[in-house]
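Those protein sequences? They're chains A and B, same order as listed.
Number 36 in our numbering belongs to position 36 of the first sequence; there are no gaps in the numbering.
Number 40 in our numbering belongs to position 40 of the second sequence; there are no gaps in the numbering.
Take these hints with a grain of salt, some might be off.
Label pairs and their calculated CB-CB ranges [to be verified]:
1) B:Phe386 / A:Glu71: 29 to 37 Å
2) B:Trp368 / A:Glu190: 55 to 63 Å
3) A:Gly19 / B:Arg12: 39 to 47 Å
4) A:Glu86 / B:Glu358: 56 to 64 Å
5) A:Gly116 / B:Arg12: 20 to 28 Å
6) A:Gly34 / B:Trp3: 32 to 40 Å
7) B:Phe360 / A:Glu86: 47 to 55 Å
8) A:Gly19 / B:Phe386: 23 to 31 Å
I should point out that these hints are in silico values taken from the structure, not numbers from a laboratory.
Predicted model only: the values in this text are computed from it and were never measured.
All C-beta atoms, glycine included, are put in the ideal place defined by N, C-alpha and C.
For reference, the chains in residue letters:
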Amino acid sequence: MPLLAIKDLRKSFTAPDGGRVELLRVNAFALDAGAQCALRGESGSGKTTFLHLIAGILQADSGSIQLGGTELTVLSEARRDRLRAESIGYIFQSFNLLQGFTCLENVLLGMSFGPGTDRAAARTLLERVGLGHRLDYYPRQLSIGQQQRVAVARALASRPRLVLADEPTGNLDARHADEALALIRAACQEAGAALLLVSHDARTLAAFEDVRDFAALNHPADPEVRV
Amino acid sequence: MTWPLLVRKSLRQHALSTAVTAASIALASGLWLAVWVLQEQSQRAFTSVDSGFDAVLGARGSKLQLVLNAVFHLEASPGNVAWADYLEIKTNPAVALAVPLAVGDNYRGHRIVGTVPEMFTGVELSPGRKFEIEPDGRFFESGFREALVGSFVARQLNLKPGDQFRPQHGLEAGDQHEHEETYVVTGVLKPSNTPADRVIWIPLEGLQNMAGHDPDAATDVSAVLVALRSPTAGFALDRHYNKDGTRLTFAWPVGKTVAQLFDKVGWFAQVLRLTAALVALVALAAVLASIYNSMHARRRDIAILRALGARRATVFGAVVAEAGVITSLGVVAGLAVYAIIISVATAMIRERTGVVLEPFAFSAVFLWAPPLMIFFGALAGLAPAFKAYRTDVAANLAPES
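Chain A extracted, bound-state conformation (with noise of 0.2 Å):
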């Protein structure tokens, strides 16, 4: 049994004319434990809805999404929040992480929610993405490198199940790129975490043995047929 199963999910919003748009559509997905797969995709075509479908961020309309045998759609918003917390890392293309937060907070902060606090093992963390000398250090003292990599200590710092990497490269250089990439997968596979990462970067994609198509995944209704 794959640890992430998608089946008919559907996802709708609101246009500015009052009407709703089908922007999600996706039939089958699904992501074994401790597995990295990659999503390609172009910009706007749903790749970050499906991943904050998949965290639980959002409601969808239709569908199901299990995750370990939890069926997310059926859960109230509270437990989705929980389950969350506990077992799905996310790692963002801006870090998004929280500026008046020392890098060792903002570690701390990603268990908080869900196990619970544990100063040695956010410290270790660190260490292991290479910032052990950096704990007290703030965002915006750090390199935008740095700051990746606080981002990626603090998605494995709850023990997820399940990692969503929504184009951690985006906003890095080559080298920088390359070497994030590496970390994310090899800090996932050393905490039998499962990674989904989407992009459109060929580079970073390519690092990948099991890349997929979002469009090939996703087949919204025709935008100009309301639903």
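Take the given structure of chain A and dock chain B to it, following the hints.
Just chain B now, kept in the frame of chain A:
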């Protein structure tokens, strides 16, 4: 650990607005506490002042003016009491002690009151407590130009036994006529924490016969302080002077008469309280505005927290807690504001009336006002907290790809 960390970080990130808001809360709570305690303490202190007397007999007129003049040494005397009236009440079987007072002169703005030695030797300010004199001093003797100086006056004018002075005519300082008589200070009263501390005491006949005073009124007195043998004796005297008589006024009991003053100025206390309440309201609105206005800039942080698994209730609670903590900081600082206001006010009241308030005595207002303020502060956090609660997570995270 999450809430304290979130609140602490937010306060630090918005340190300036936090400080300004907490300062406005501090002013409001300090003002509120001070107004409340001052009103409470001054009423209690004035109505239960330890004068050692139960009543005042004076010329026909306002009881309040009579008491303020004879007991608190404020206001002008409403008129004179004939010597025969003094003797009559002195010999009344219901009266334990009757002490005549004569006023009309001052020395550098401090009232000079003529009286008899029994004022100090025959009166207990409170059970077991009498007037005392500082070492090396003694009470004045009747018939001599001697003076006993209240502790506050002695400190203000640096008067000590052996010093001499010439009284000036009138109750207030000014360019009045200076009498020819020279008085010698024989002693300084130990602080009694009563209005007597603000007075220069001389023998009654000295003031009555001072050169320049009306010789026809030389035997009159300004008022008579009366100590009763039993609390109920006042009823008969009240009837005799106030209801059956028409020439004199018998102000009894002293505390009840002073309470009329607070009834009369009650509206002023209400205005003060209302002002303090309005200041508190504005301060609470400042809490609301400062947090609410920062919510726009904090949308992204809230979205990130939610993406990390924080529940809506968590961010809601963190914002309410932040408002509560800002208010709490203000309330704690407000105690310092209170201490400053109450210290200054207490010193002023003591200087002008001789009545001593206890600025740091316990008052029930300390039990209910700070928690109430913090409660309303947290309540002011509800609107921004609701805004945080409704933050659209997906829309405020990274731009969609």
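So, going through the hints one by one against the coordinates:
no.	hint	result
1	B:Phe386 / A:Glu71: 29 to 37 Å	holds, 30 Å
2	B:Trp368 / A:Glu190: 55 to 63 Å	holds, 58 Å
3	A:Gly19 / B:Arg12: 39 to 47 Å	holds, 46 Å
4	A:Glu86 / B:Glu358: 56 to 64 Å	holds, 58 Å
5	A:Gly116 / B:Arg12: 20 to 28 Å	holds, 24 Å
6	A:Gly34 / B:Trp3: 32 to 40 Å	holds, 35 Å
7	B:Phe360 / A:Glu86: 47 to 55 Å	holds, 53 Å
8	A:Gly19 / B:Phe386: 23 to 31 Å	holds, 29 Å
Hint violations for this structure: none, all hints satisfied.
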